[in-house]
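K.L.:
Sequence:
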Amino acid sequence: MKIRTIAALLAVQLLTAPAAEGIGFFDLFGQGRSETETETEEEDFTPKRGRFAPERKSGHREKPAGSRSGRAECLPCAAAPSGTGYSWYAAHQKDGKRPPAPAEIPPVGEHGGYYLGADEPVVYLTFDAGYENGNVAKILDGLKAEGVPGAFFILENLVNRNPELVRRMVDEGHLVCNHTARHKDMTAFSETEFKEELGRMEEAYRNLTGMELSRYYRPPEGRFTVSNLDWARELGYSTILWSFAYADWDNGKQMPPDKALEKVLAGAHNGMVLLLHPTSATNAEILPALIRGLKDRGFRFGTLDELTGGGGVGA
1 MKIRTIAALL AVQLLTAPAA EGIGFFDLFG QGRSETETET EEEDFTPKRG
51 RFAPERKSGH REKPAGSRSG RAECLPCAAA PSGTGYSWYA AHQKDGKRPP
101 APAEIPPVGE HGGYYLGADE PVVYLTFDAG YENGNVAKIL DGLKAEGVPG
151 AFFILENLVN RNPELVRRMV DEGHLVCNHT ARHKDMTAFS ETEFKEELGR
201 MEEAYRNLTG MELSRYYRPP EGRFTVSNLD WARELGYSTI LWSFAYADWD
251 NGKQMPPDKA LEKVLAGAHN GMVLLLHPTS ATNAEILPAL IRGLKDRGFR
301 FGTLDELTGG GGVGA
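With this note's numbering, the residue at position 46 of the sequence shown is 46, and numbering never jumps.
Just so you know, the hints here were simulated from the structure itself, not pulled from any lab data.
None of the values given here were measured: they were computed from a predicted structure.
Hints should not be assumed to be uniformly reliable.
[As the list claims (entries may be wrong)] Only pairs whose alpha carbons sit at most 27 Å apart, straight line, appear in this in silico BS3-like list of lysine-lysine:
id: 1; residue 1: Lys263; residue 2: Lys94
id: 2; residue 1: Lys259; residue 2: Lys144
id: 3; residue 1: Lys97; residue 2: Lys259
id: 4; residue 1: Lys138; residue 2: Lys263
id: 5; residue 1: Lys253; residue 2: Lys138
id: 6; residue 1: Lys94; residue 2: Lys295
id: 7; residue 1: Lys253; residue 2: Lys263
id: 8; residue 1: Lys94; residue 2: Lys259
id: 9; residue 1: Lys144; residue 2: Lys295
[Claimed, not checked] Between beta-carbon pairs, the in silico distance windows are:
id: 10; residue 1: Asp171; residue 2: Ala103; range: 39 to 45 Å
id: 11; residue 1: Arg167; residue 2: Lys253; range: 29 to 35 Å
id: 12; residue 1: Lys253; residue 2: Glu172; range: 28 to 34 Å
id: 13; residue 1: Glu146; residue 2: Gly96; range: 18 to 24 Å
id: 14; residue 1: Glu234; residue 2: Lys259; range: 38 to 44 Å
id: 15; residue 1: Pro257; residue 2: Arg206; range: 34 to 40 Å
id: 16; residue 1: Gly298; residue 2: Gly210; range: 36 to 42 Å
Virtual Cβ for every residue (Gly too), placed ideally from N, Cα, C.
Turn these sequences into a full structure, and let the hints guide you.
P.N.:
Listed below in structure tokens is the structure:
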């Protein structure tokens, strides 16, 4: 009886929750602002682990390795429910093995999603950049010092509050890509809302730089539906996921630099699409050593244009 009562109360709470702008699915389940954050909508940007992903330790469950073709790989192709939400992750591998696509996530390769490059010693550095806390500039310093390219998936907040950093990304030859304007759960959006959200980010970037965003999209927290991928593709975007990430997003729980460096290098593999958060103090510290360590292992650094064009589209 108590369980039924609690369930009923939760249902009432959801149905009667305020419909004001900025209150979304993430907010109702603790994924939006904390009490210590300011109330302006644009500040709901800090990346957090989604509550919808399959249960796994730190977002990376060990699974049997699978083999892939030598071409740049999008997610495997087959029909999938277009409105069902999925949370992307990549299981950590060892000894240079390439991670397979998660078996429980429906194959969506024909919808323009990529997570892995060609089976060649190439690494693609990607950064999800929602805000600046002193470390984004250090990440840019590290990339410049080592002479390697990166792709930054940014939010509207970074354009509004740190335009000099966005201009620097452009001036130093990095790709600047779409991570949405406000870092919401895009699986809850209608087609119109989805396209307006990406368009809002495009407009903010265009107003600052006079340029268009690179046509690469990464969904907040890796949450997507098949329809999301199709809508993004209709706007000219390829959806870029990742083949390696680690728990670097929580600034209050940073991994020691030596452990983080060891972890990333141990997971290096051909065609690695590496997701890092540039707000991480650990990442800012280890980036130069990480780049040198990957070079010492025979890797070079590619761009997303190479990933989606030079290696071909996955089967």
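K.L.:
Mind listing which of the numbered hints don't hold for this structure, in increasing order?
P.N.:
none
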